[in-house]
Amino acid sequence: MNGNPVFALAGNPNSGKTTFFNLLTGLRQKVGNYPGVTVERKWGTLNLPSVSVDLIDLPGTYSLSPKSEEERIAAEVVAGVREDLPPLHGVLCVVDATNLERSLYLVLQILDAKVPAVVVLNMMDEVSHRNGSLDPKMLSRLLRVPVYPISARSGEGVQAVQVHLEKWAKHPATTPPQAPHLLEGPNLKEVQTRQARATQISRSVTRQGLAPHPWTDKVDAVVLHPIGGSILFLLVVLLVFQSIFTWAKPLMDGLQTLISLLGAFLSSHIPNVLAKSLVVDGVLAGVGSVIIFLPQILILFFFIGLLEHTGYMARAAFVMDRVMSRIGLQGKSFLPLLSSYACAVPGIMATRTIENRRDRIATIFIAPFMTCSARLPVYTLLIGAFVPNHRVLGHWLGLQAAVLLGLYLLGFLAAVVTAAALKNSILKSDPIPFMMEIPPYRLPTVRTLLLLMWDRSKVFLRRAGTVILAVSILLWFLLAFPRAEAARDIQASYAGRIGTFLEPAIKPLGFDWRIGVGLVSAQAAREVIIATLSTIYRVGAPGEHATIREAILNHVTPLTGISLLVWFAFALQCTSTLAVARRETGGWKWPAGMFLFMTGIAYLSCLVVFQAGKAMGF
Amino acid sequence: MKDHSKNSQRPAQPHATLADLKDGQQAEVSRLLLPEDAGWKLMEMGFGAGRPVKVIRRAPLGDPLEVEILGYRLAIRLNEARGVQVVRVSQGAKP
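Note that the protein sequences, when read in sequence, are chains V and C. FYI, my numbering numbers position 222 of the first sequence as 327, with every residue one higher than the one before it. FYI, my numbering numbers position 13 of the second sequence as 880, with every residue one higher than the one before it.
Just chain C, same shape as in the assembly (with noise of 0.2 Å):
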């Protein structure tokens, strides 16, 4: 998921986030690496082991992205996407 491109040196990431993840690129949600209170609000909103989770699109800016989960979608900031860790992840990108 990394840039090839530098950093070629560097062992593979043991584990992506969800913000590793391209626009239209779908993973499965492994763990959750957050704050108490954040990390159950993103668990009663789906973000439980084993769900599929998909990246739309990011806003123009880069941050936040657009997920979706469970068949809808939701707006996560780059800072709590890197606290999702992801398994599975597919290689299609963009639509």
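With the rest of the complex left out, here is chain V (with noise of 0.2 Å):
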């Protein structure tokens, strides 16, 4: 919006359109969201020789008929009623050379609503590959609009589009586009009508029909193989879940070991007391819990981005979709759930391959019931202090082992209870059922691949140094005053003040204010809370205890523990998450919402816990 002219990119899901834009845009790209939904925004500038242009990569759909959001904001965008952008000078219509028939409806749909337009003619590479042969000039003819064949995955014929740009953004918008009847219903006639000329001009255009994809039915008889399929999907949710568990580990201790070496550098080299706390106690550590994240995000996308360009993504999908649909999902939940065991944020982020927007919602809003691995931490020290380890099922399982797996299996059940309680009421099923594309496997661009690492890394960076700061730094004022004297009093502090303002509440859970203050800290991130317990209990001062487990061991009866560990399982303990969940659902009604049915659920659940605990003596 920086009154370049701006063309819009339109096509089908899967037309490559995706890697034509970032082709042309390359690092030049905003990704956001529309207001007030949860359509991606993809913006982009391209630098020509003379002049620049701005390009909108609009959503993927079939037909610019008004059903789903993304129709009606591609529709929107198209038809040039968008408040909120200014007047397009032109679209782009995206075709997939290999399904010119199916792609021509929704060409066509813009040339009716007289939108000035050219059509990119993408995938022209396979055609040939398939030993078909299509005539772009004749396409040009019947259409009436320039034809630009191309291969986007090469950047083939990308040129002469550019040069076409360039004379095309020179030249005044001849009559701004303006199509409000595209934003009507579809008609029966007009569809049918529609489809015949697709027919026809397909037909006349195609010179040498396509073989068969080479290859697609080949690996799809193993992929999709009712027992070869199984057992190949549980190796690449295998391989993905290891990924981003195990592999991410290293990175993330060595980005852990920079943060502290950068924290005892600044302690040394601060000279001010308050200052060298609010740095190193306030801002690295809080920013520092957060970061370490990033490899997780950047191998996590890494995996997304190959298993949805290759096309094994559908296929997953395919077979997920029986059991996902139990509990009123869909096949392409699967993944953002699974990834939400390592971290829900990166979990909710991978929704987007989710078109449907209620199913989408749903697999957010339950995303944080997963066992993330900032649980753990808390997890680990409350069973290491509490659960003796006893053997069970004889010498397979120790007692923790089991504690531990009973804690996720709590998360997982709450999760499937809450996505059918949705999908059968508030997020009832959608008026647009489940319908997926299967591609033919194609290999990804590395260009492709890392733009989308990039920018998902970037939107993560960027909440690491907004949202984080900001709570760690609010944290740590609350927590560092008003400065007491001499021995720094806890309960005296702002935090203090707060924990025994909770107490009251709390106290039926079986929590004092020591640890409403560390479920205030907690709030930034889960594990949070062991640091805070920690400065709580003075570990490791002068006559007091040597590590947080004694401490925890001595200040907190086992019953309190167990209970605690129940809140961990439920509560919504995570500014990250609900940030991310703002940004994905493009407002705070569903962020608030599962904050408060999550709490809502854990305060009941150690309620319960407790107080049940208490009347048995224990």
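By construction, these hints were calculated from the structure, which means they are not laboratory data. Since we're looking at a predicted model, the values are computed, not measured. All C-beta atoms, glycine included, are put in the ideal place defined by N, C-alpha and C. Just to be clear, a hint being listed does not mean it is correct.
Claimed, not checked - Okay, the calculated bits of chain V under chain C, using three or more residues with CB under 8 Å as the criterion: (1) 162 to 171; (2) 411 to 423.
Unchecked claim - Okay, the calculated beta carbon distance ranges per label pair: (3) C:Glu935 x V:Leu132: 32 to 40 Å; (4) V:Gly503 x C:Glu903: 53 to 61 Å; (5) C:Leu900 x V:Val142: 25 to 33 Å; (6) V:His234 x C:Ser957: 24 to 32 Å; (7) V:Leu579 x C:Leu900: 51 to 59 Å; (8) C:Glu903 x V:Met721: 52 to 60 Å; (9) C:Val956 x V:Asn236: 29 to 37 Å; (10) C:Glu935 x V:Val713: 51 to 59 Å; (11) C:Leu900 x V:Lys219: 33 to 41 Å.
Using the hints, put the two chains back together into the complex; each one sits in its own frame.
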């Protein structure tokens, strides 16, 4: 929005539109959301020799008749009725040349609306690999607009599109496209006529039909085989899970070391005690605890990009759909939920592959119930302190491991029940049911994968630099002020006062003001409670407990420990999750609902556990 | 298309649907009996009257179906496939 002429890229899902967009705009991209909706808004700048133009990558759709959010947004942009966008100069219709007949439907719809457009005939390399032959000149004559045959993968033919764009951009926009009738619903006669024309045009320009995709059938015979496919699917899931859990570990440890070194360096170089505390205990500890998740984000999105763009994701969704539909979700919900076992933040970001808005929101809603890795330090601390490691099930399973597994199960069950409840109430049956194209197998370009990883890390780091930074400073302030004399008396700090204020409310759960302070600080990130409790119990101070485990054993009863475990299984104690849910759902409504719901469940469960435990004499 | 071993008393089903096709069988779309938005969506994805459609396979748990239309493939749940009436079912089963 810098006064450059604006062009929109329209096309079907899997038409290579995004690869083309990435090729033209590279790193000059901005990804956001259209206000109030879950639809991704991709904007980029293309610098041509004599002029710069802005490109909007519209959501992939098969039509512009508004039925889903994506179609409505795409139609509004093309029709030129969106207040938040400058008028369009024109539209580039990106067409999958291997799917001409179906793709022409959308093209004809745009041309019928008298919107200035050109056709970019993508995947021409695949057409010739499959021994097909199309006549772009004939297509141009029949559609009466310029047609550019290209391959967005190899870049072939893209130069000609750029030359055209340059000339086009310098012409003043003929008539600003205004086609409000695009926003009307479809009518049968129109749809049928357009389909007949698409068939006719496609026949006239096809010189030689396409041979079947060379290896798709062979690969699918394995990938979608009832047994072989299931085994392969499990292996892929294990690989992704393994990579975000264990392969990321050395990188995360490395980052942690760097952050500690930086902390030590800053500690010795900032003379002022207060400033030092702010920078090291506040900013670095808070932001650092979030930044160490960056390797997980990078690795996860590398796999997601690879699985999505090769076409495997569609197959996995095809295989998993039946299972997920039992709880009211769909096949594409599976991977985001799995990723949430590492961290709900990338998990929620991964829901972008789900086109259906209600399925997507339901998936986002239950993602934080999955046992993320930030819960693990809290779980291991409390279980290690309070659960004796008896053997259960012979020599196979220790009681501690069994409790940990039980906590994983608890979160999973809560997610399943919540999803089913949501889909039977406020997110009830969407008018557009699950239908998903299963594209042939294709290799993604390295550029596409890298840009995806770059974009997701950018989103993640920006949040670490804003929301998390602010919350960290706030928490530090609450814990450090008002400055007590001599011994730091935490109860006198603002945080301590908040804890004391909260105590009547959390007493029935078995929590005192100290745990109250811990819970307040854990709102930044769950594992922060360990650091906070260490400070409060003065761990390591002369005459005090040497480790947090001893301190916990001394200050907390086993029943309170169990109650605290249940609390962490359910409560949405994570500002990053709330921030990313706000971003992905386009408002505070859903994150607020998630927070109240999950924290409410946590409160009730802890109440039951603690009071029942007390009644039974624990 | 129906299993002959049971229900042999029942009169032949007047309308076959996409859900009745065996893997590898082909037919022609005749009518869409679906809620409005779902019907439009399928139509815009190529399910026009007279267009040939083929069931490629079923997912391991029997649902959804992978079907081919206009030379591309898509997954569609049994629930929607039952709303796609077809005629001229080919006899060819699995290739």
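Status of each hint after checking the structure:
no.: 1; hint: 162 to 171; in the structure: holds (count 3)
no.: 2; hint: 411 to 423; in the structure: holds (count 3)
no.: 3; hint: C:Glu935 x V:Leu132: 32 to 40 Å; in the structure: holds, 39 Å
no.: 4; hint: V:Gly503 x C:Glu903: 53 to 61 Å; in the structure: holds, 57 Å
no.: 5; hint: C:Leu900 x V:Val142: 25 to 33 Å; in the structure: holds, 31 Å
no.: 6; hint: V:His234 x C:Ser957: 24 to 32 Å; in the structure: holds, 29 Å
no.: 7; hint: V:Leu579 x C:Leu900: 51 to 59 Å; in the structure: holds, 58 Å
no.: 8; hint: C:Glu903 x V:Met721: 52 to 60 Å; in the structure: holds, 57 Å
no.: 9; hint: C:Val956 x V:Asn236: 29 to 37 Å; in the structure: holds, 30 Å
no.: 10; hint: C:Glu935 x V:Val713: 51 to 59 Å; in the structure: holds, 53 Å
no.: 11; hint: C:Leu900 x V:Lys219: 33 to 41 Å; in the structure: holds, 35 Å
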